[in-house]
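**Student:** Position chain C relative to chain A; hints supplied.
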Amino acid sequence: AQSVAQPEDQVNVAEGNPLTVKCTYSVSGNPYLFWYVQYPNRGLQFLLKYITGDNLVKGSYGFEAEFNKSQTSFHLKKPSALVSDSALYFCAVRDKTGGSYIPTFGRGTSLIVHP
Amino acid sequence: EADIYQTPRYLVIGTGKKITLECSQTMGHDKMYWYQQDPGMELHLIHYSYGVNSTEKGDLSSESTVSRIRTEHFPLTLESARPSHTSQYLCASSEFSGGEETQYFGPGTRLLVL
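Respectively, the protein sequence lines represent chains A and C.
Counted the way this note's numbering counts, the first sequence spans residues 1 to 115.
Counted the way this note's numbering counts, the second sequence spans residues 1 to 114.
Careful, some of the hints might be misleading.
[Claimed, not checked] Across the chosen pairs, the derived CB separations fall in these ranges:
| # | chain 1 | residue 1 | chain 2 | residue 2 | range |
| --- | --- | --- | --- | --- | --- |
| 1 | A | 55 | C | 65 | 40 to 46 angstroms |
| 2 | A | 15 | C | 96 | 23 to 29 angstroms |
| 3 | C | 42 | A | 112 | 16 to 22 angstroms |
These are computed hints drawn from the structure, not numbers from a lab.
The beta carbon of each residue, even a glycine, is placed where N, CA and C say it ideally should be.
So that you can see chain A by itself, here it is in the shape it has in the complex:
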């Protein structure tokens, strides 16, 4: 079984400050992990993914995420937030040992960046 949790419904940060959006996961084996962003009235856009190797993954628009196996976490980070980063962010996980190609998505975290 695979599941993912995004413990914060909303994250508020001032423009220019670092941001973190949290994600924890649960899988039977090893995980594939993903982050997506959704702007209003749009579909989800792929940001980055962790497959194997380096625990720090760099993605689009200056975002990065750190895989931490001991804490079963995959938090999304950005050193300096922009107002235009305000959106809904989804974490997703797929168990490498699972028989399905379909990831499980979290409930989403609304990021609000204040000017």
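**Tutor:** Positioned in the frame of chain A, the structure of chain C alone reads:
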């Protein structure tokens, strides 16, 4: 931006009408998916397909049906729309790249059933 298209983008329709939501992708992906998402909420998988003539139901029980006659086309049909079907419907396709399947989403269809 991924080359995956959904039409219509917005639809207001009366109860009992039959509707078809269109989804097309030009990337040649074998796997395609339909998700239902209430505004600002989590995604629920309602249908998926691993290739032509392959369709499966997802985690969320749905009164909709899908077909996959061509690789690029994955329409979703509601035979009789109800107000409970009001939601956003997201289509996605996926490719195997960088060691894993990665999903790419269309812009969504926002449906309102009166």
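**Student:** Work down the list of hints and note, for each, if the structure agrees.
**Tutor:** We went through each hint and held it up to the structure:
For residue 55(A) and residue 65(C), the hinted distance range of 40 to 46 angstroms is satisfied, since their beta carbons lie about 43 angstroms from each other. Checked against the hint of 23 to 29 angstroms, the C-beta distance between residue 15(A) and residue 96(C) comes to roughly 38 angstroms, which is inconsistent with it. Distance hint for residue 42(C) and residue 112(A): a CB-CB separation of about 19 angstroms, consistent with the stated range 16 to 22 angstroms.
Figure legend: structure checked against the earlier numbered hints; the only hint not met is number 2.
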